[in-house]
Structure formats: C-alpha cells, structure tokens
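Asker: What follows is each chain in one-letter form.
Protein chains: 2
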Amino acid sequence: MRRMRVALAQVNPTVGAVEANARMVIEWMDRARALGADVVAFPELVLTGYPPEDLVFKPAFIEANLRALAAVAARSKGLTAVVGFVDKRDDIFNAAAMLHDGAHVGTYHKQYLPNYGVFDENRYFQAGTESPVFTLGDRVLATNICEDIWYPTGPTTAQALAGADLVISINASPFHAGKAQFREKMLATRAADDLVCLAFVNTVGGQDELVFDGQSFIFDEKGERVARGRAFEEDLVVADLELDNVFRARLHDSRRRKEKLRSDGSARRIALPPLPAPTRPPLPPRETPAIGRLEEIYQALVVGLRDYVRKNGFRHVAVGLSGGIDSALVACIAVEALGAANVTGVTMPSPYSSAGTRRDAARVARHLGIEFLRLPITSVFAAYRRALAKPFKGLKEDVAEENLQARIRGNYLMALSNKFGWLILTTGNKSEIGVGYSTLYGDMAGGFAVIKDVPKTLVYEVSEHVNARAGRELIPRAIFERPPSAELRPGQTDQDSLPPYPVLDSILEAYVEGDQSLPEIVAQGFDEATVRRVIALVDRNEYKRRQGPIGIKITPRAFGRDWRLPIVNQFRE
Amino acid sequence: MRRMRVALAQVNPTVGAVEANARMVIEWMDRARALGADVVAFPELVLTGYPPEDLVFKPAFIEANLRALAAVAARSKGLTAVVGFVDKRDDIFNAAAMLHDGAHVGTYHKQYLPNYGVFDENRYFQAGTESPVFTLGDRVLATNICEDIWYPTGPTTAQALAGADLVISINASPFHAGKAQFREKMLATRAADDLVCLAFVNTVGGQDELVFDGQSFIFDEKGERVARGRAFEEDLVVADLELDNVFRARLHDSRRRKEKLRSDGSARRIALPPLPAPTRPPLPPRETPAIGRLEEIYQALVVGLRDYVRKNGFRHVAVGLSGGIDSALVACIAVEALGAANVTGVTMPSPYSSAGTRRDAARVARHLGIEFLRLPITSVFAAYRRALAKPFKGLKEDVAEENLQARIRGNYLMALSNKFGWLILTTGNKSEIGVGYSTLYGDMAGGFAVIKDVPKTLVYEVSEHVNARAGRELIPRAIFERPPSAELRPGQTDQDSLPPYPVLDSILEAYVEGDQSLPEIVAQGFDEATVRRVIALVDRNEYKRRQGPIGIKITPRAFGRDWRLPIVNQFRE
Chain A
12 MRRMRVALAQ VNPTVGAVEA NARMVIEWMD RARALGADVV AFPELVLTGY PPEDLVFKPA
72 FIEANLRALA AVAARSKGLT AVVGFVDKRD DIFNAAAMLH DGAHVGTYHK QYLPNYGVFD
132 ENRYFQAGTE SPVFTLGDRV LATNICEDIW YPTGPTTAQA LAGADLVISI NASPFHAGKA
192 QFREKMLATR AADDLVCLAF VNTVGGQDEL VFDGQSFIFD EKGERVARGR AFEEDLVVAD
252 LELDNVFRAR LHDSRRRKEK LRSDGSARRI ALPPLPAPTR PPLPPRETPA IGRLEEIYQA
312 LVVGLRDYVR KNGFRHVAVG LSGGIDSALV ACIAVEALGA ANVTGVTMPS PYSSAGTRRD
372 AARVARHLGI EFLRLPITSV FAAYRRALAK PFKGLKEDVA EENLQARIRG NYLMALSNKF
432 GWLILTTGNK SEIGVGYSTL YGDMAGGFAV IKDVPKTLVY EVSEHVNARA GRELIPRAIF
492 ERPPSAELRP GQTDQDSLPP YPVLDSILEA YVEGDQSLPE IVAQGFDEAT VRRVIALVDR
552 NEYKRRQGPI GIKITPRAFG RDWRLPIVNQ FRE
Chain B
12 MRRMRVALAQ VNPTVGAVEA NARMVIEWMD RARALGADVV AFPELVLTGY PPEDLVFKPA
72 FIEANLRALA AVAARSKGLT AVVGFVDKRD DIFNAAAMLH DGAHVGTYHK QYLPNYGVFD
132 ENRYFQAGTE SPVFTLGDRV LATNICEDIW YPTGPTTAQA LAGADLVISI NASPFHAGKA
192 QFREKMLATR AADDLVCLAF VNTVGGQDEL VFDGQSFIFD EKGERVARGR AFEEDLVVAD
252 LELDNVFRAR LHDSRRRKEK LRSDGSARRI ALPPLPAPTR PPLPPRETPA IGRLEEIYQA
312 LVVGLRDYVR KNGFRHVAVG LSGGIDSALV ACIAVEALGA ANVTGVTMPS PYSSAGTRRD
372 AARVARHLGI EFLRLPITSV FAAYRRALAK PFKGLKEDVA EENLQARIRG NYLMALSNKF
432 GWLILTTGNK SEIGVGYSTL YGDMAGGFAV IKDVPKTLVY EVSEHVNARA GRELIPRAIF
492 ERPPSAELRP GQTDQDSLPP YPVLDSILEA YVEGDQSLPE IVAQGFDEAT VRRVIALVDR
552 NEYKRRQGPI GIKITPRAFG RDWRLPIVNQ FRE
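Chains A and B supply the protein sequences, listed in that same order.
Using our numbering, the first residue of the first sequence is number 12, and each one after it goes up by one.
Using our numbering, the first residue of the second sequence is number 12, and each one after it goes up by one.
It should be emphasised that the hints constitute simulated quantities derived from the structure, not laboratory data.
Please read all numbers here as calculations on a predicted model, not as lab measurements.
The beta-carbon is built from N, C-alpha and C at its ideal position, and this holds for glycine as well.
Hints are not guaranteed to be accurate.
[Unchecked claim] Result set (DSBU-like, lysine-lysine): computed pairs, CA atoms no more than 30 Å apart in a straight line: (1) B/K430 x A/K404; (2) B/K555 x B/K407; (3) A/K430 x B/K407; (4) B/K430 x B/K407; (5) A/K430 x B/K401; (6) B/K430 x A/K401; (7) A/K430 x B/K555; (8) A/K69 x B/K190; (9) A/K430 x B/K404; (10) A/K407 x B/K430; (11) A/K430 x A/K233; (12) A/K555 x B/K69; (13) A/K555 x B/K555; (14) A/K99 x A/K88; (15) A/K190 x B/K69; (16) A/K555 x B/K430.
[What the hints assert, rightly or not] Label-pair ranges, simulated between beta-carbon atoms: (17) A/G405 x B/G89: 57 to 63 Å; (18) A/F491 x B/G350: 52 to 58 Å; (19) B/P530 x A/A547: 21 to 27 Å; (20) A/D409 x B/R377: 29 to 35 Å; (21) B/R100 x A/E531: 18 to 24 Å; (22) A/E298 x B/A138: 45 to 51 Å; (23) A/Y127 x B/R78: 22 to 28 Å; (24) B/T504 x A/A114: 53 to 59 Å; (25) B/E472 x A/A547: 38 to 44 Å; (26) B/P70 x A/R488: 42 to 48 Å; (27) B/E408 x A/G350: 27 to 33 Å.
Start from the sequences, fold in the hints, and give me the full structure.
Answerer: Given below as structure tokens:
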C-alpha cells in the first residue's frame with residue numbers, strides 16, 4: 012500500500028521575528044517527526060510572518076529569512092517539510108521550500124498574487140510560473156500557495172495531472188465570519204475535481220488588523236474531509252492518506268473529466284531521495300467540531316486582541332467603562348484574552364451620566380473581577396469651560412462642549428497609559444465608526460479598537476453569546492435594555508441622531524461591504540432620505556477613520572486595509 | 012508643411028467631482044479651440060480625479076464618469092481631444108479617450124500599471140495591450156498614459172514605429188522634490204530615441220497627501236524642449252510642431268537605430284475624418300523658467316494645503332503657535348495658501364513656556380497679520396493633576412504629565428475647530444514623526460499635517476527661503492537661533508532626547524527612504540548606538556504615525572501611502 016502520514020503545523024508566527032519563527036518551525040518539525048509523519052507543512056511565509064508588508068523591501072530582512080531557512084533545512088533530517096519563506100532570485104517571490112532530509116531540495120513560487128481586499132502582493136512579489144511535483148519513491152507530492160488553490164484550473168490541477176497524489180496548500184488566509192465554511196466547500200470541490208488528496212494548512216493568530224483562524228483541513232481524493240484543525244489555536248493536524256485510492260480513482264475517471272483537465276506542461280518532476288519508512292505510532296482520534304458563527308467571531312476578537320497585546324510587548328490593558336454595551340463587551344473580550352488581573356476598567360462619569368450607567372459600569376467590573384477606577388470629569392470640564400470662556404463668549408453650547416467631555420476621558424486613559432504602560436482599548440463599533448458617531452481624540456483615543464468591525468446589532472448578539480457561554484450575566488441585563496446613549500448632553504440617545512441600528516446596519520452593509528449605490532439601497536425598501544444621510548455621513552467621516560486605531564477585521568470588508576477611500580472626495584450619489 | 016498646434020490643458024480636477032471636472036474639461040477645450048489648437052490633451056483620469064482609489068469599485072461612480080465622457084465628447088466639435096477616464100469593458104481600464112469632432116473615436120488602455128510607492132493600480136485596473144495610432148489626414152497622433160512613457164521600449168516606441176509624429180502622454184504624476192528635472196531628462200531622451208514629438212501633460216493641484224506639480228512639457232523629435240507648463244498652477248500650454256522635421260529625422264536615421272526599434276505589431280491605425288484647418292492666432296511667447304528646489308518645495312506645501320482646505324469645503328484654519336520654527340513655517344504656508352484673514356494663530360503657554368517663545372509666537376502672528384488667540388493651559392493642567400492625584404499618588408512626574416500638556420493644547424484647538432468649523436493644522440515635521448517625538452492626540456491633533464514630510468533641517472532651509480522671498484522677517488531671527496524645545500518640562504530641549512538634527516535627518520533618510528540596514532548606515536560614518544536607537548524609535552512609533560493626520564508628500568518616500576510597515580513587527584536590525 013502506498014501510504015503517507017501528513018502533518019500540518021498550524022502555528023502562530025510573529026511578523027519580523029524571523030529567528031523565533033525558525034526556532035518554532037524546528038520544534039514543530041521535531042513533533043511531527045516523533046509522530047512518524049512523512050511530511051510536515053507550515054503556513055505561507057511562516058518564517059517572516061504574514062503579511063510582512065514593506066519589511067520585504069529591506070534587503071537585511073530578506074537575508075535574515077534566507078538564513079533562517081537554511082537553519083531550518085539543516086534540521087529537517089529524516090522527513091520532508093514544506094516551509095513558507097521569501098525567495099530571492101532576480102526578484103523576490105512568495106515561496107514554499109521543499110526541505111528533505113536536511114537539505115533544501117526544491118522551491119515553489121506562488122503564481123496567483125492577490126492584490127485586492129487586504130492584499131497587496133503585486134507590490135512585493137514576482138509571480139511564479141512553474142508547478143513542480145516531487146517524487147518520494149512511488150509517492151508524488153506537490154505544494155502551492157494560498158491564492159493558487161482558488162483557481163479551478165490553476166497549479167493544483169497541473170500538479171494533479173502531473174501525477175501528484177497529495178497537494179499541500181500553504182496559507183495565511185485571513186478570517187472573516189463565514190469564510191471557513193466557504194473555504195472548506197471550495198477545497199472539497201478542488202480535491203474531488205482534481206482527484207487528489209489536499210492538505211490545507213493555515214496560519215493562526217493575530218497580526219495588526221488581521222486574524223488567522225487556523226481551521227486547517229485534510230481531504231481525500233473524493234473530497235471527503237479526513238481531518239480538521241482547531242479554530243483560533245495552534246494545532247498539529249496529522250492524518251494518514253491511502254494514496255492507492257488516488258490511483259484507483261484516476262483509473263476509473265471518465266474520459267470527459269480527463270479531457271477537461273489538460274496538463275499545461277509546467278509541472279517539472281523532482282525526485283527526492285527515499286527515506287526509511289518512519290515508525291508510525293497510532294494516531295489519537297481527532298474531535299474538532301466546527302464552531303458556530305458567534306463563537307467564531309468571539310474567538311477572532313479574543314485572539315486578535317491577545318496577539319496584538321502580546322506581540323507588541325504589552326501586559327495590561329485599560330477600558331473606559333461607560334455602562335453601555337460596547338465597553339462591556341470589550342471588557343469581557345479583554346478578560347478572556349488576557350485574564351482579569353491584566354485588565355482595568357475606568358469609569359469617568361459626568362453630570363450627564365445616569366445612575367443606571369454608573370451602576371452598570373461598576374457591575375461589569377465586579378462581574379469580571381477586574382480593577383475598577385473612578386475618575387469623574389466634572390472639574391476638568393469646568394476648567395476647560397473657564398479657559399475657553401472668552402473665545403466662546405455669547406455662543407450656544409454645541410458639539411464642541413460634547414466632544415470636550417469625550418476628550419477629557421481620552422486624556423485620562425492616555426495618562427494612565429503613559430504612567431503605567433497600559434494599552435488603551437477603544438470601544439467604538441462599526442456602526443459608529445461608519446457614520447462618524449464618535450469623538451476623535453476622545454472615545455477614539457487608544458491603541459486598539461477591538462470591535463471596530465462589529466456592527467452594533469452584532470455587538471448585541473455577541474454580548475448575548477458571551478453571557479450564554481459564561482452561563483451567567485457577565486453583562487447585566489439592564490445594559491441590553493437601556494437605549495444606547497453617548498451621555499454627552501441631558502437626555503441624549505443615539506437614536507436622536509441616527510436611524511435605528513437594524514436599519515443603519517443594513518444600509519451600512521450594503522454601502523460599505525457591497526459598494527451599492529443610493530438607488531440600489533433604496534430599492535431594498537429603505538427610506539431615501541435616511542439612506543442619503545447615512546451615505547453622506549460615511550463619506551464625510553473618512554478623515555476620522557484615518558486617525559482611529561486599527562482593530563480586528565471580522566467582516567468581508569472592514570474599515571482598514573480593505574477600505575481605501577480618499578478624504579478629498581466630492582462624489583455624491 | 013505638415014504642422015500641428017498642440018495644447019496641453021494642465022488642469023486641477025477634484026477626485027469624485029465628476030460633473031464639475033467634465034464642465035472644466037469642456038471649458039478648456041473651448042479655450043484651446045479659440046487658440047486654433049488641432050489637438051488638446053487633458054491629464055490622466057481627469058474626469059474622476061486622481062487617484063480615485065476604491066471609488067472605482069462603485070459601479071455608480073464608473074457610470075457617472077462614462078456619462079461625463081459622453082458629454083465632453085459631444086462638445087469636442089472642430090478639434091481632437093485626449094481625455095483621461097475610467098473605461099469599462101469586461102473589466103475596468105485606466106484609459107485615454109480620443110475625442111474628435113463631437114465623437115468618441117478611439118480609446119487607449121494604460122499598459123504599465125504602477126503598483127509600487129504610492130500607487131495601487133493593479134488593485135483597480137486591467138492592463139491594456141494595444142498601442143493604436145490615429146491619422147488626421149497626413150498627420151499621425153498617438154497617446155499613452157503616465158507609467159507607459161517610462162519604459163524605453165514600451166508603447167511610445169511602438170507608436171513611433173507605427174508612424175506617429177506626436178505622442179501625447181497624459182499624466183497624474185505626483186510631486187517629490189527633484190522629480191520634475193528627472194522627468195524632463197527622461198522625456199527628452201524618449202523623444203530623441205524614438206524620433207517623435209512628445210507632449211507630456213500633467214495634472215496640477217493637491218489630492219489628500221499627493222500634490223501634482225504640473226510642469227507639463229512639449230518636446231520636438233530631437234528632444235529639444237519646445238514649451239514648459241507652469242509649476243503648481245493651472246496652465247494651457249500651446250505650441251506649434253513642424254511634423255515634417257519628424258519625417259526628415261527618420262529619413263536620416265541610422266540603420267542601427269532602426270533595427271533597435273522593432274515594431275511589435277500592436278499598433279493599430281485608426282483614421283479620423285479630417286477637419287478644416289483652424290485659424291491659428293499667433294501664440295504669445297512663453298516664459299516659464301524652472302523654479303529652484305526650495306521654491307518648488309514651498310509651492311508644493313502651499314498648493315497641497317490650499318487644495319486640501321478648499322476641496323474639503325473648509326475656509327479657515329488654525330495653527331498652534333509655539334514660538335518655534337515648525338509652527339511659524341506652517342503659519343506662513345497657511346497665509347500664502349489661504350490669505351491672512353483665513354488663518355488664526357493660537358498660543359497656549361504653560362509655566363514652562365519661555366519668555367522668548369511667548370514673544371516670538373506673538374511676533375509671527377503680527378508679522379503675518381493673522382488673528383491671534385491666547386489660551387493658557389495652566390489652570391486646566393492643574394485640574395487634571397487634581398483629578399489624577401489618586402491613581403498617580405506617590406509616583407514621579409514623567410511623560411504622562413508632559414503629554415497631558417500637549418493634549419490640553421490639542422483639545423483647545425479641537426474645541427475651536429468644533430465651535431467655528433476651522434480646520435486645525437498640525438506642525439510636526441518628518442524628523443519628529445519619524446522617531447515619534449510628538450504626542451498622540453496632543454500636538455498630533457488636527458486635520459492636516461502640512462510639513463509632515465519635511466525633515467527638520469529642511470524646515471530651517473524652507474523657512475529661510477520664506478523670509479528671503481518675502482524680503483522681510485516673517486519668521487523672527489530669534490526662532491532660527493533658539494535650540495528647538497517641546498517646552499513640556501523646565502529647561503527641556505529636543506537634543507536631550509534626540510541626536511543633533513543633521514545627524515538624525517541623515518540616518519532617517521537612509522533608513523526611511525533608502526531601506527538601508529544598521530550596518531549600511533553605520534558604514535557611512537554614524538555612531539552605531541545612535542543609529543540603533545533611531546531605527547528602534549522609527550520601528551516602535553509606527554502606531555503613532557498610523558493615527559496621525561495625513562500631510563503633503565514632498566520626498567521620494569513619505570510616511571503615508573508609500574510607507575506600509577506593520578505595527579506588530581519584531582524585526583530588529
């Protein structure tokens with residue numbers, strides 16, 4: 012029987028930490044070897060971290076990554092490993108090294124370079140043109156990279172036609188809600204269409220605004236899932252593949268399919284010296300059920316925050332607790348990510364803060380067991396008003412005074428940050444950030460905007476989920492029931508200025524994620540004046556978003572790398 | 012004699028203002044017609060403005076631009092016009108429409124899409140493959156777009172070989188200091204190499220962080236400059252070309268050169284119906300001398316600021332005047348851009364402000380004739396200290412207290428902005444922003460960072476130039492002579508924390524613009540510990556730069572669209 016034990020090292024590298032990433036790769040290679048794996052695969056650009064962005068313009072960075080690869084190659088004795096790195100020839104390439112028994116024996120260059128959404132790979136890399144396959148005795152192996160697997164007649168097909176039993180796709184595929192299911196379907200189809208075993212290894216962990224969800228997969232040649240990696244955790248996914256089944260399936264393949272898939276001749280064959288068959292200890296059964304939509308989003312936020320904090324060298328975070336739902340949810344996520352001892356809640360009441368929100372802010376802190384500071388803003392606000400009395404003489408109170416309150420709070424938090432080295436988390440959601448319902452340098456002040464890609468309606472859903480999974484009211488019921496308010500003037504509620512959140516969120520989704528026009532959105536049944544106002548607010552507040560902190564992308568289009576709108580923009584729908 | 016009168020409409024479109032841009036094109040077409048031009052050319056993407064960024068993902072935006080093109084085409088009676096627009100076929104293209112006598116008769120698709128530096132054109136456009144030429148009776152005309160002209164054997168060569176007498180290159184070529192001279196040399200070489208007349212029309216004006224300098228050119232087939240457009244102003248550049256000279260030059264061309272330039276067959280010929288020869292009034296002589304380096308930088312800052320203010324619908328700006336060189340220069344630029352009546356200077360002294368800086372802030376305002384407000388920060392600072400006394404109990408004063416002062420100033424300015432609708436200009440220079448010697452939400456608070464790409468040493472040079480061109484001391488001599496200081500603690504100077512600015516700026520240029528490594532920079536004669544510290548500061552302060560306002564790019568690499576470094580980044584040189 013032709014058999015192969017394949018291991019997918021679903022690891023969490025750090026951008027720029029080239030030597031540490033290499034040590035991690037060596038460690039996981041050892042783990043795979045101990046499990047009797049024939050081949051172990053690591054994610055795309057695992058040695059540099061993904062995306063390295065303009066770091067790849069530094070020759071010193073490329074050299075460090077090549078040194079790291081050599082070190083890893085030397086430690087690959089007794090097995091085959093696929094390792095993502097930046098290759099340097101006449102240009103640079105997003106590459107997969109085939110390491111075998113202590114040597115670097117072949118290289119694959121990514122052919123389809125994504126340059127849309129959050130991706131800028133044409134900025135950095137030259138595209139590859141070859142689809143080599145590697146023979147290990149009578150077993151045939153190939154690898155390609157991320158975007159390559161999404162093309163129905165791309166490198167995978169070429170490699171299958173050239174005889175590959177197993178194609179390993181190495182990835183750094185960023186998360187958005189629902190993507191894993193979509194990815195799984197696509198991979199199953201690709202495996203079945205190409206009659207090839209498919210192993211998809213994804214990176215895991217957070218990098219700035221991106222979070223990688225892991226959820227690696229192994230499929231057989233029928234497109235049946237053989238194994239699934241854990242979501243949002245490191246995992247070594249190991250499975251045994253019966254390669255003779257691939258052979259049999261191809262024997263029985265209909266003429267129609269064979270003709271559809273014509274080899275383009277780009278598949279060179281590279282023979283690897285055979286290794287003695289490893290001892291293969293029995294594999295423990297894997298149980299990694301798929302997780303639900305809200306849990307997936309929650310985990311993305313937790314891991315995205317944890318890695319941003321940890322990889323930037325912070326230990327402690329602070330959150331302004333207003334008594335509202337957004338800050339309560341952010342505090343819950345922070346506690347899950349970092350532990351209660353590393354989170355401080357700060358309440359900063361004003362004369363406009365209601366008794367209800369004051370009480371609820373304290374309750375959230377108590378339920379979570381976090382440190383709680385109380386810093387009223389009243390006296391500083393009074394000092395500002397005195398200082399500005401002359402230029403503001405005779406003028407009505409307006410947004411200037413409202414924003415001052417938010418900015419005093421921002422200053423308090425930043426003073427704590429400067430004094431104690433804390434990272435400040437902001438609490439704005441996607442709905443607010445979309446329409447600019449937020450104060451620059453006020454509630455937008457901080458290092459990381461945990462829920463900036465979570466629309467308000469989804470904030471409520473995730474918050475309910477947080478309580479449900481905790482089995483108790485981490486977030487008090489009263490917070491869900493009170494109408495949202497910025498509490499910057501007496502009796503204010505969000506709905507004074509904005510349409511109801513379910514309406515706002517639907518319009519925002521159509522406009523921001525769908526690039527739909529005013530008439531298209533109105534045609535879905537929304538009031539024209541409302542749609543017009545929401546669109547105008549989104550357009551007009553680009554300048555604010557540009558100065559806000561980054562946050563975790565969880566939707567197909569976040570206000571981040573995948574949203575590049577000009578500030579000067581006179582286009583009106 | 013085969014002759015052609017060519018007009019280059021060096022105009023200032025606004026991104027998104029599709030209808031207004033079309034009206035402007037029609038108006039300038041009329042001006043060119045009145046001058047007897049055979050052909051008038053407009054910049055790249057003149058109908059949408061450049062760069063439109065993700066606006067091109069909106070189908071409604073593309074449609075608006077196509078309607079605008081149809082309107083412009085209908086008004087092209089009696090002449091030929093080249094107009095930049097977004098073409099829609101199976102994909103979208105960065106395109107030039109050939110309009111002729113009221114109809115849209117042909118289209119060129121940009122072939123070389125820049126995807127480096129500030130450019131992301133692969134994100135948006137499909138690349139063209141054809142290099143058509145257009146015959147107007149016995150005269151042959153061709154057009155291509157921006158990046159295309161930079162390739163020695165690109166479309167220009169193909170079009171010249173296909174018989175073009177004149178190639179019109181339409182551009183939106185962003186400014187950096189020294190680029191115009193480089194561009195001029197390249198164009199002269201291209202014209203002479205391809206034995207073709209070359210007309211290079213550039214857009215002019217500011218768009219977010221980019222500024223376009225105009226400086227359009229017309230060259231004859233010997234590579235001699237026939238005309239030059241004004242720098243940083245709209246201009247209609249008109250010249251007469253003797254096309255028989257092109258014919259003669261090609262007759263006498265050596266065999267060697269003919270062989271070097273081999274047609275690739277991509278040049279289709281499209282015949283335009285001939286028009287009656289226009290009456291050609293005599294052209295007034297043009298006198299547009301090249302401007303010097305400092306004047307060019309100064310103009311870029313003035314135009315970049317003016318357009319950001321105007322195109323965003325602002326009228327009035329405010330600048331915090333510290334009594335230092337940066338804010339003095341920004342105030343001078345603002346007055347030049349907007350007029351003294353539209354600029355307010357705000358001094359916000361603290362107990363640490365010296366008598367000298369207090370006096371000089373007032374003098375700058377007086378010299379410029381701008382409104383001057385004085386808002387001391389002492390009492391608000393005291394209120395903050397009282398409010399934070401409990402959490403800060405027993406702790407030393409440090410950067411927390413320093414930053415609070417800067418943030419009070421930021422809040423004052425933003426309160427004025429909110430109350431009066433002013434745009435706040437920040438005054439940080441490239442040296443400070445590079446190493447993070449600035450306070451987030453403090454002196455970094457504002458809508459536009461005028462000199463963010465101007466290193467401190469250049470700030471002094473431009474400031475001297477400002478005084479020299481004014482013929483008087485707009486910026487008092489004392490400001491040049493006093494050691495720079497943030498004045499956030501007693502006796503503080505910048506040089507307590509930073510290397511001397513000439514050293515700092517050289518290291519920053521090597522690291523930021525040159526992507527040089529620590530050993531490479533040290534090899535130029537800098538102290539290793541200093542270089543190491545500067546590099547670490549640049550890396551560590553990425554989070555601050557991400558939240559700073561945009562500003563005008565004047566160097567080959569600004570902290571903006573052309574600087575895409577991760578925040579989480581553990582690469583250490």
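Asker: Each of the hints needs a verdict: does it hold here or not?
Answerer: Hint by hint, here is what the structure shows:
1. Annotation: proposed proximity of B/K430 to A/K404 holds, straight-line Cα distance about 11 Å (limit 30 Å).
2. Distance check on the hinted pair: B/K555 and B/K407 sit about 24 Å apart at the alpha-carbon level, within 30 Å; holds.
3. The suggested pairing of A/K430 with B/K407 holds, with an alpha-carbon distance near 9 Å, which does not exceed 30 Å.
4. Using a Cα cut-off of 30 Å, the hinted pair B/K430 and B/K407 is violated, with the two alpha carbons roughly 36 Å apart.
5. Taking the CA atoms of A/K430 and B/K401, the gap is about 13 Å. The hint holds against a cut of 30 Å.
6. In summary, the hint linking B/K430 to A/K401 is supported, as the alpha carbons are separated by about 13 Å, within the 30 Å threshold.
7. At most 30 Å may separate the alpha-carbon atoms for a hinted pair to count; A/K430 and B/K555 meet this at roughly 17 Å.
8. For a cut-off of 30 Å, the pair hint linking A/K69 to B/K190 stands: about 23 Å separates their Cα positions.
9. Taken as a hint, the A/K430 and B/K404 pair is honoured in the structure, with Cα atoms around 11 Å apart against an allowance of 30 Å.
10. Distance restraint check for A/K407 and B/K430: the Cα-Cα separation of roughly 9 Å lies within the 30 Å cut-off, and the hinted pair is therefore satisfied.
11. Simply put, A/K430 and A/K233 have alpha-carbon atoms about 59 Å apart, too far for the 30 Å limit, and the pair is violated.
12. For a cut-off of 30 Å, the pair hint linking A/K555 to B/K69 stands: about 22 Å separates their Cα positions.
13. With a C-alpha separation of about 15 Å, the suggested pair A/K555 and B/K555 falls inside the 30 Å cut-off, and the hint holds.
14. Proximity of A/K99 to A/K88 is assessed by CA-CA distance (about 24 Å); at most 30 Å being required, the pair is judged to hold.
15. For the hint pairing A/K190 with B/K69, the CA-to-CA distance comes to about 23 Å; that is within 30 Å, so the pair holds.
16. Proposed proximity of A/K555 and B/K430 is supported: the alpha carbons are some 17 Å apart, at most 30 Å.
17. In this structure, A/G405 and B/G89 meet the distance hint of 57 to 63 Å, their C-beta atoms being roughly 59 Å apart.
18. Checked against the hint of 52 to 58 Å, the C-beta distance between A/F491 and B/G350 comes to roughly 54 Å, which is consistent with it.
19. A C-beta distance of roughly 53 Å is found between B/P530 and A/A547, which places it outside the suggested range of 21 to 27 Å.
20. Under the hint 29 to 35 Å, the C-beta atoms of A/D409 and B/R377, about 31 Å apart, fit the expected range.
21. For B/R100 and A/E531, the Cβ-Cβ distance of about 22 Å falls inside the hinted range of 18 to 24 Å, so the restraint holds.
22. Checking the proposed 45 to 51 Å range against A/E298 and B/A138 shows it holds: the Cβ atoms sit about 49 Å from each other.
23. The supplied range of 22 to 28 Å is met by A/Y127 and B/R78, whose beta-carbon atoms lie about 26 Å from each other.
24. B/T504 and A/A114 have their C-beta atoms about 57 Å apart, which keeps the hinted 53 to 59 Å range intact.
25. Under the hint 38 to 44 Å, the C-beta atoms of B/E472 and A/A547, about 42 Å apart, fit the expected range.
26. Evaluation of the 42 to 48 Å hint for B/P70 and A/R488 yields a pass: the beta carbon distance comes to about 44 Å.
27. Separation of B/E408 from A/G350 is about 31 Å and conforms to the stated range, judged on CB atoms against 27 to 33 Å.
Hint compliance for this structure: hints 4, 11, 19 are broken, all remaining hints hold.
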